[in-house]
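Please take these sequences and the hints and turn them into a complete structure.
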Amino acid sequence: MTDYIIRRLLYALPLLLGINVLTFVLFFVVNTPKDMARMHLGQKHVTPEAMEKWKHERGYDQPLFWNDEAEGATKVTQTIFVQKSLGLFLFRFGRSDAGRDIGADIGQRMWPSLAIAIPSLIVGLAVHIGFALLLVFFRLTYLEFWGVALCVALMSISTLFYIIGGQFLIGKLLQLTPISGYDTGWNAVRFIILPVAIGMVSGLGSGVRWYRTLFLEEVEKDYVRTARAKGLSEARVLFFHVLKNAMIPILTGVVVVLPLLFTGSLITESFFAIPGLGSYTIDAINQQDFAIVRSMVFLGSVLYILGLLLTDISYTLVDPRVKLS
Amino acid sequence: MPVLLPTDVLFLLLLLGLSALLVYTVRQEHLRRPWRSVMRSRSAMISLVILLAYLLIAILDSIRVPASVNGPGSSGAAPIGEPVTLLDVGLTAIRDAQEKTYSAPLAVVAHAREMTRQADGREVWAYPRLQYGGRHLADPDREHADDLLRRALLGLAAGLAGWGVLMVFIALAVARSPNGFVDFLRSACHSDSEFPWRAVLLTLLLICVMAGVLAALSQEYHVLGTGKVGEDVLYQSLKSIRTGVLIGTLTTVATLPLALVLGILAGYYRGWVDDVIQYLYTTLNSVPGVLLIAAAMLVMQSYMAKHEAEFASLATRADFRLLALCLILGMTSWTGLCRLLRAETLKLRELEYVQAARVLGVSQGMILFRHILPNLFHLVLISVALDFSSLVLAEAVLSYVNIGVDPSTESWGNMINGARLEMAREPVVWWSLASAFVFMFALVLPANLFADAVRDAFDPRRSG
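Chains as they are written, first to last, in this note's numbering: chain A, 15 to 339; chain B, 403 to 866.
Calculated lysine-lysine pairs in the DSS-like style (CA-CA distance at most 30 Å, straight line): (1) A/Lys48 - A/Lys69; (2) B/Lys502 - B/Lys630; (3) A/Lys48 - B/Lys708; (4) B/Lys749 - A/Lys235; (5) B/Lys630 - A/Lys186; (6) A/Lys67 - A/Lys48; (7) A/Lys258 - A/Lys337; (8) B/Lys708 - A/Lys67; (9) B/Lys708 - A/Lys69; (10) B/Lys749 - A/Lys337; (11) A/Lys244 - A/Lys258; (12) A/Lys235 - A/Lys337; (13) A/Lys186 - B/Lys502; (14) A/Lys258 - A/Lys235.
Calculated Cβ distances over 12 Å to all of chain A for the following chain B residues: (15) Leu450; (16) Val511; (17) Asp549; (18) Ala559; (19) Leu587; (20) Phe597; (21) Glu622.
Calculated Cβ distances over 12 Å to all of chain A for the following chain B residues: (22) Asp522; (23) Ala563; (24) Leu574.
No lab work stands behind these hints, which were simulated from the structure alone.
Just so you know, these numbers come straight off a predicted model, no measurement behind them.
Even for Gly, the Cβ is constructed at its ideal location relative to N, Cα and C.
What follows is the structure in structure tokens.
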């Protein structure tokens, strides 16, 4: 087990290096520091000195890969690649283009993101799986047909409409919860309810359909027939036997997103004005702050790879037949 | 002399390729069989009719003519020199009917009160009449409802007439003889043929009637109201169709070559080729999609800022950005299909007929092209069909985050983005959002239903 985890972690290294090079190429080679300076300082009437100053303040005035003016080993280290990109491996995010400490910002802003993402995941899972089991329970009836049709219809609606509609209906017309905003401590609960509810509804169509396919695959299997033959009620068969055995594919979907909960959801957070990492990224995109976007891309990739590893480990926990080797 | 933008050319080429594929398919019995089961499905055929209607609008909106063809009256909305599309020419009436600001659907007065000076010098705080909406009415209070009803009925009649003509054409094409014509109508009414004629014809009727009523009303009214700077919402929604359809289809053009070539190579040659390609797509797959798109779009924007001279006109700039968005979406979405194709190729290369071809000395290129590629066709088709609707939906979200299409391009995402803050107004400005919602829903729902039918027909695991 330990061997396996170590091997997987080592295997992740070339992947991370690849991502690092990818973001480096995107942000520094295709789009040189000179372009960035020009974009921030304006297109016209910029003196070369002002541009040099902007680059120097942010450490973008070094060569990309190889520094001829430096001595010894610093020929390699005094470069943008080592200074700006490799630092990400140690989670040294450096400073944003506006001069703020990205690491500190992330540490502070991940909590609101988690406060939204964790309840959304739990509520969504419970409701989607519940509805999917109901559909399977009523299979081959009109109820199932119209349920699936409703799912397709729900899938065909853009997330934006769920959010705008939910804010309008619950926040403005019924005035049950605040439309948007955030607060510290327990006061935050008032602000969390609406995004969580909307997140659950907007994923309802695709979620229920996905879990329904999983359950339908299980329902055909022999152990289900055996359980029925023993005289167990259909509800008991579904909610105990089928649900338990469908846990493996369900886990694949869930565990892989667990680490990514930190980074929050871009759309939800910006619509509900939640000061999490999602809205942090959106703000960075809108202000064209390349340093923050680069850090978030790398962080997201690391968390995704971590999620894959966790998925494999969780298999052994739920399914004793799976052995890691 | 038509003017062509890069996306137009690519889109029309794509359609040409699709038609060629269609002709080829019709001639091959083994390819025709799964399609026959799609054609038996009522929901799939209804969806197909709606999708084709959307496609027609998108095609009309992709053929550009210089503005001068359009006559002197067109100088209102489009700046002189910008080419306009055939759709624009058809919609000149509502394109030029620019109001000052918001007005409700079918209204004759503006949405907000204004201080206006009467003829006798008094200042009145009232709803001003619109410049175009219902300007032919002398006494709107009395005539408005009657006029609407009259025009709607006229439109209904025109729509029915149009449907009737269409019916005759379809019947003639299908039946081919006067005697068969009656038989065709009878069997369509009783719905006893394999192809769901009744459902298809009823859908066509619905589309014709809707088009007729909309056309009749939009001569003198803003059927779906006007937006913030007074532009007609119906016009915006219709123009957005091209953006949505283009993103859904052109993206696949960027996806397919990469996924096909890399997937087949990895599966067929295995070894280090497989390792490299797997590494490539795992790396790309690890980067969260939206962030990768955002990063690429940021880079693209700074490229455009650097080469400002090449994007002189508004249309070329918007067009380049649309094309770039399609390419970037394609770059981020080929990994899933590539993995599927690799797995399938791994399976196929061990099958007897491929082994036999190898033993008989067929060249490797020929094996890949003639024996492997055709057998991957169903996977490609399913994945393209399933991706279409999610791409249309993605456009709206990306435009909201400002990494979508150019703000000057009409798209549903831009409409939603512009209108979402207006929900806070009193009284609510709901029509922009509602139109974007209806138009998007009417495209994505049929796309989903059709994709489901295609998957059920082509996926060998689902046959039965």
